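Quick mapping for you: the protein sequence lines, in order, are chains A and B.
Quick note: our numbering has the first sequence finishing at residue 219, numbered continuously throughout.
Quick note: our numbering has the second sequence finishing at residue 219, numbered continuously throughout.
It should be emphasised that the hints constitute simulated quantities derived from the structure, not laboratory data.
Being a predicted model, the structure only gives us computed values, none of them experimental.
There could be a bad hint or two in this list.
Said to hold, decoys possible - From the derived model, a few chain B residues whose C-beta atoms are all more than 10 Å from chain A:
no., residue
1, 49
2, 57
3, 58
4, 69
5, 170
Unchecked claim - Now the in silico label distances, taken between C-beta atoms and shown as ranges:
no., chain 1, residue 1, chain 2, residue 2, range
6, A, 90, B, 158, 19 to 29 Å
7, B, 28, A, 167, 45 to 55 Å
8, B, 49, A, 24, 51 to 61 Å
9, A, 24, B, 94, 17 to 27 Å
10, B, 196, A, 162, 22 to 32 Å
Said to hold, decoys possible - Non-contacting residues of chain B with respect to chain A, defined by C-beta distances greater than 12 Å in every case (computed):
no., residue
11, 45
12, 60
13, 62
14, 67
15, 128
16, 131
17, 176
18, 192
19, 194
20, 195
21, 202
All residues carry an ideal CB built from backbone N, CA and C; glycine is no exception.
Number of protein chains: 2
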Amino acid sequence: MPAHVDGEQPPSPEPDSSRDGLVASAGHETAGRLLLAAVAAFAERGFHATTTRDIAARAGMSPAALYIHYRTKEELLHQISAYGHRRAVRILGDASAAGGTAAQRLARSVTAFVRWHAEHHTRARVVQYELTALEPGHYAEIQALRRRSGEILRTVLEDGVATGEFTVPDLRGTTRAVLSLCIDIARWYDPAGPDSPEALGELYAQLALRMVGARDSAG
Amino acid sequence: MPAHVDGEQPPSPEPDSSRDGLVASAGHETAGRLLLAAVAAFAERGFHATTTRDIAARAGMSPAALYIHYRTKEELLHQISAYGHRRAVRILGDASAAGGTAAQRLARSVTAFVRWHAEHHTRARVVQYELTALEPGHYAEIQALRRRSGEILRTVLEDGVATGEFTVPDLRGTTRAVLSLCIDIARWYDPAGPDSPEALGELYAQLALRMVGARDSAG
């Protein structure tokens, strides 16, 4: 396994763009720039080692300018986390609701979820690894979104079992395993490596179909 | 999905034990206590937010007492990471070399790897998520151990393909996916939850057999 494949990579900055959903979620261009700066800082040094001063400096602003938009760094983390988790619910919800067989819905859901984690691996890492730094109320809100993602995927697996497409001895554990496999992409993904988000989505859709014992998937 | 299943859990301290391999790897009881204190501190606040003073305080020592054993906190991280990665190579090497069919060797390897990540989820998280904080020489050493783990598992998959037991269109990607699925356990595992390391090992062995298209594994 080459180093770039399973190695934890230094976080790479993601391109700033006015069409970026995270930036747009801030509702204000300056606030959006601060969210991107916070993602980069949290990914590089961790939430607890980052100060609001660090974030302001990365965004080319004064700490006072930051405080106009965010009172604390936890508020920035919450915004990033809530955006990421709402995206996950939307991605899985759209992909699983688009019709077709359970196998088609599972493949579509996994492909979309994988692509998001590969394309946004730096922010996905922040979203996934800094949860415990959230305030209790924010943590509870995010946990509800995580449960919702799990329920959406579990319904696809249940539907496949009901139609006889899938054979799943442990629905809860297998649903969690499929999500876990996709989420871990954020840990090791390297955009400079050989795997495009699209190719990875295709491979993982096939692996997920095998995990649920989809008919003919092992052939 | 209940909160304890996919929620990132507050790190729980692992039981100190003189029979603990990490403690023993320090070669000295006091140094071993410092390693356990460092694991707890890094897991809770991240490497960059932790000071050697924090680690010494957790171990009930003065910073001066710490410096007798470790000059820097990076030295502590390196010791923890090297121990964890050597364990991984040993676990996979022993399990895959113990004979039997490729399916038996894969099942045994995955079961053992899963159990280690569940039982030692806090230190596994430090080992997996703080790699980029290592000095270049240490980082290269750990990357070599990671490649070795990947090669061991890949050989099992190759053997299964050679004997016709497995059908694997993408050997590199599938090997990485099986390891990734196991490693991500460190992120979400909760010892207070319903999943014992043994039950999880059994489920994941079955899922891995499906991922490699093992004959009869989907039935």
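Practice item. If any of the earlier hints don't hold here, list their numbers in rising order. Key: The structure conflicts with hints 1, 5, 6, 8, 9, 11, 15, 16, 17, 19, 20, 21, although it agrees with all the remaining ones.
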